[in-house]
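Protein chains in written order, with the numbering used here: chain Y, 1 to 257; chain V, 1 to 289.
Hints may contain errors.
Here are the simulated DSBU-like pairs of lysine-lysine, each with C-alpha atoms no more than 35 Å apart in a straight line [said to hold, decoys possible]:
no.: 1; chain 1: V; residue 1: LYS57; chain 2: Y; residue 2: LYS96
no.: 2; chain 1: Y; residue 1: LYS21; chain 2: V; residue 2: LYS145
no.: 3; chain 1: Y; residue 1: LYS209; chain 2: Y; residue 2: LYS144
no.: 4; chain 1: V; residue 1: LYS103; chain 2: V; residue 2: LYS187
no.: 5; chain 1: V; residue 1: LYS187; chain 2: Y; residue 2: LYS21
no.: 6; chain 1: V; residue 1: LYS103; chain 2: Y; residue 2: LYS243
no.: 7; chain 1: V; residue 1: LYS107; chain 2: V; residue 2: LYS187
no.: 8; chain 1: V; residue 1: LYS103; chain 2: Y; residue 2: LYS96
Simulated from the structure, these hints should not be mistaken for laboratory data.
As the structure is a computational prediction, the values presented were derived from the model and not from experiment.
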Amino acid sequence: MTSPQKSQRWRLTLNQFLHPKSGNSVSECEDAIAVDSASNRFALADGATEAFDARSWAHQLVTAWVREKDCLAPLEFWTFVEEQGRILSASWSRMKLPWYSEEKARGGSFAAFVGIQIDLNSEAASWQSVAVGDSCLVQVRNNKLVRALPVASSTQFGATPVLAPSNTSLQPEVALQIGFDKGQLEDGDLSLLLSDAVAAWILRLSEDKNERALAEFLNLLKRDDEATLAEFFENERASQRLKDDDIAVLGIEAVRI
Amino acid sequence: MYAAQITRSNPTCIVLLLDQSGSMSDPFSGDTSSKKSDFVAEVVNHTLHDLVIRCTKTEEVRNYYYVAVIGYGRVVGPAFRGPLASRNLVSISDVADYPLQVKSSYKRVADGAGGWVEIPVRYPVWINPLADGKTPMCEALNLTKNILENWVAEHPQGFPPTVLHLTDGESSDGDPDYVGRQIMSLKTADGPVLIFNCHITSLRREKIEYPSDESALSDGFARTLFQISSHLPENFLAAAAQLGVKASPGSRGFVFNADPSSIVQFYEIGTSLTGMTPYRWMDDRSESA
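Just chain Y, same shape as in the assembly (with noise of 0.2 Å):
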């Protein structure tokens, strides 16, 4: 658990936990978070399985992303991932590569992408985020789910989503897929930002209004117990119920003082 920037009126408090995909150690897990908590600015990707160099995608997109201010309009957010695509594809140009990675190289990195700014500098805490592809901003309050985005249902989960390419010019059709979505936060409200099979599996508990589940979950993210919480997910991986990939969440919770 991290404490991040107070304001005079509100407190934020944050778990995260990163589980990867079974068979897999937590260094091959392609989702990533950063956190900046003097500007409250918090970021969440998930690089794609079948992607060249996901992981550092991911992570250069998260950590690139707290350091900026603003960059949450969709256009001003495109800027932001051309040239993040740029860098990373001069780092692989400095690499000496066999050719399969060379070509899959050319086909650059992809990954989906979510960000929320949280602003505490005003009586009302306000938010903003801005998300591409299937990582998710899900705001829940009083143990149940008020807002979900930029997928709304469990069934809107798809084999394909949008991904934010570190190539743009392969995908410019991109730019015209990135969400973007503000509002007020109210005492006690927990943003969880998620990576697409969490994401799913948390709509769906509130879709079947398994409730104890639910609070079961957020229970032990808010213990920040690890351990209980990776075999919370082990089980639900056994039984189906959650699709086996890597796991991302981090929790921001609001609480006025």
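For chain Y, the structure is supplied; the task is to place chain V on it using the hints.
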């Protein structure tokens, strides 16, 4: 069935079984410049290339697949040439690291600003075209069966092996029905071994793709191949749909009188395990400089 996750600890096996008999030196109908054996070798090299790229994680190739390329003609055995020659079953990382040669070329791609730019690309080669001798299909299927018996014994929980068999003629060493059915009876906990057959021809005849019954097959050899062709599982049907190929539940993995485009699609669909997006290398190649 056919839902097991393919991982390094639970890999799957793909057998590319190739007719390399003398008749493969004949041209396709209407194209005297291209021998069937040349075209098939090119498609197989691209298929291996695609499998390697799918398993590439930055600088590492993960062993999700083990691949056999078995040729039959004057001899029956591994068709790999170069460092992998004489090896029946090869990990995909060894396929990546030990091609016979890597050819360099240029490809024209969009520059993102309305123009075109040429970029260097590399095409590895693992097998050379070969067309010599008779068609000992039964012996080749027996070798395949032996490889797969060992595989399913060692990987009882894995995604079942897939056999992609391409031939241009009838067997010269007996009826392949019996050994074909033996292969189809092998299985893992995730389902029976998949065998798909593609018959190619030098004659201009109507092709039959992925039929669900024998009614359109007037030829006895065609019916034999149909009967030793597995039903296309759901993931493979999805891949066929993505390629615009007509196939439906009940369709067999069988093409008769295939033309060049059917051959390419046969390998694209046949390697689309777990519903992976087929790799459309023909589109890719069309821009080669």
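Legend entry - Numbers of the earlier hints that this structure fails to satisfy, in rising order: 4, 6, 7
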